[in-house]
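Sequences are here, hints too, so could you generate the full structure?
Residue numbers (the numbering used here): 1 to 651.
Where hints are given, some of them may not hold.
To be verified - Simulated pairs of lysine-lysine, DSS-like, Cα-Cα distance not exceeding 25 Å:
1) K339 / K282
2) K294 / K282
3) K339 / K294
4) K294 / K385
The hints are simulated quantities; they were obtained by calculation from the structure and are not laboratory data. Only a predicted model underlies this, so the values are computations on that prediction, with no experimental measurement involved.
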Amino acid sequence: MDESRWVQFSGPGAPRKRAQIACVLCHSKKTKCDLRVRITQGHRKCSHCFSTGKDCRPRPSKRDKGRLAAAIEGPSTSSQDTVCDYSIGPAPFIDNDAGRTFMSPGWAPQPQGSVDNRAVETGINNAQPMRNGLAIIPPTSLPSPHDSVVCGIHPVRGPTNAAAPSSGGASSRGDTSRAVSQSDLRQSFMETYFNYCYPWCPVLDRSTLLEDLAQSPILDNALALVGTHVHPPLIPLPAPASYYDRARRLFYDDEEDNILSVLKAVSLFYWWAPRPPSVAHKHSSWWWTGIIIKLAQQAGFHRETTTGKERSDIEFACKRRIWWTAFARERLTAICQGKPCLIDPDDCSMPPPSLEDFPELEDKTKAEVFIHWVRLCTIIGRIAKELSRHANASTTPRTALPVDLGMDDLIEWIRSLPQHLQLPIGAGHTLNFNRDIHQMHLPYLAVIVVLHLTRSAQSLPQALPPATLAGSCIARILKDVLMRSEIRFLMPITCWYVGTGFIGLLQASRSEHLKEGALADLEILMLAIKQLKNMWATAAVFEQTFDRLRSNNSRCLSPEEFPNRHLGNEQSTRALHSEQEVVLLQSGIDWMEYFPFVTAKTSLVAERLLARQNIDVDFWNGVDETAFSSIPHFQDFMGGLDSWVDPVSFI
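Spelled out as structure tokens, the structure:
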């Protein structure tokens, strides 16, 4: 196989007995020199010389004089540290303003030579910036300074995600010797972002994006990560993990001085969730969202500016959108993980997002989706705060939660949507499908399920009619998405939405009255989670749990097998209502106000529930023990729900 089709990768191997490259100072002191590793990471000095401020001069090898001359000599040197991002390929991007050299993400061209048959080539040419974009240089998988491995030629492999095949461009397809311009790749990545990610992360501006990418390697790599993972081009490209690794290291090495570019790049890390939450790690959305919030607060993004800048100012509008993106993500995490929020709205003076924050958009639909999504996440955050406080209350017995917790706010939100943003699932077939509108309603339906699960000490948990109908609507939304092959374009937290829908429908599947429709909806949810598994590792955890719950012959789940048991959170973030929920249903409050978009044609479950809307209390009470005693694992699973709602798995 042609080696040009592979990206250089530091794979496992036998420990190196001696360094191939060492500086004069380390050699004279007989200390271990990591210059070779540091060069592959984009540095010009070994760790020792860098920390002591000494000049770092490579010591020529007596075994092969001149072997490393071309590899070490750069286009220019100075007394200051020059940050170089070495990679495989002929033409780096020279940042003349900063005096730095960076390698751009892109195609994997044929090597132009090597130090030896095992070493990473570090040579670069005296190239000038390309007029239409950066040179086409792929990122490599960068080794740690503490690694001691043989660097061979292997396919790039990302962080552990056994369930998901590489979604980057296939490294074994096509002829890598054919040139593809970096501007073409960037255009593809930009289209992917604006088509699939912008409504939920509107942090980039079309008018300035190309300039921003040329000046910011971390943003360039972050956008390439999104492009290769969400909608990978069908040409040979490095895997998304390599772009993520490059951008992440640039962040931790503090190579980017522009905090706005840093926040934009880190915001895009949301579309890379490579590891299930078996252990705490620093690659999750929870981690990166916390970093965004802290940096944004440090820069004062949470306060309304008093400098006299107009709201139409592009940079100021971008800061507002970055802030509200992080705010919304954190609120969703709070409801599904039971984690405390970092942002206290009382400490913030930043007004809610508005259409004025999107001065460049001609079609304001995506802007409207973002604005209403942030409003919904604000409501969800308040609900999550009440649920968390109630679950962690030390008083015994606990004070009862209001039976209508969040109900008025949610109903007001759904009523406030303009006609063109309303969920169009009232007919048997969706004629005006809009992926963004469908996706915007998923957290709305998921929180209805969360609010209408009940449990008391005397009975098993119950999904009341609002939760069952919300679960059926989630299935209908995902059915529309699956029919159009757009499941991969949904956000990673969709795994949690699928899980809540599954819970809402599982109980109904044991009722003769709702069984047919509930089973059909459960099949849709199972299919959705199988497809999501190709994108997000956590989906595999849910798939296994769902399979076991629906199996009559497998063993019962142990507590340790619940998806977020490892977090050690024994408190439920759900509303632990008891008889009060029944009081709500009998009090004349019409829970169908949650669902103005639902008709008898929405789903079979909806048809049956609407036909028998007046019997919900007696029907659900009768389902309790008799229906669920025949479901192996149900009691274990619902007991584990106290800590199950967890998208560290998902985000």
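Which numbered hints turn out to be false for this structure?
As far as the earlier hints go, not one is violated by this structure.
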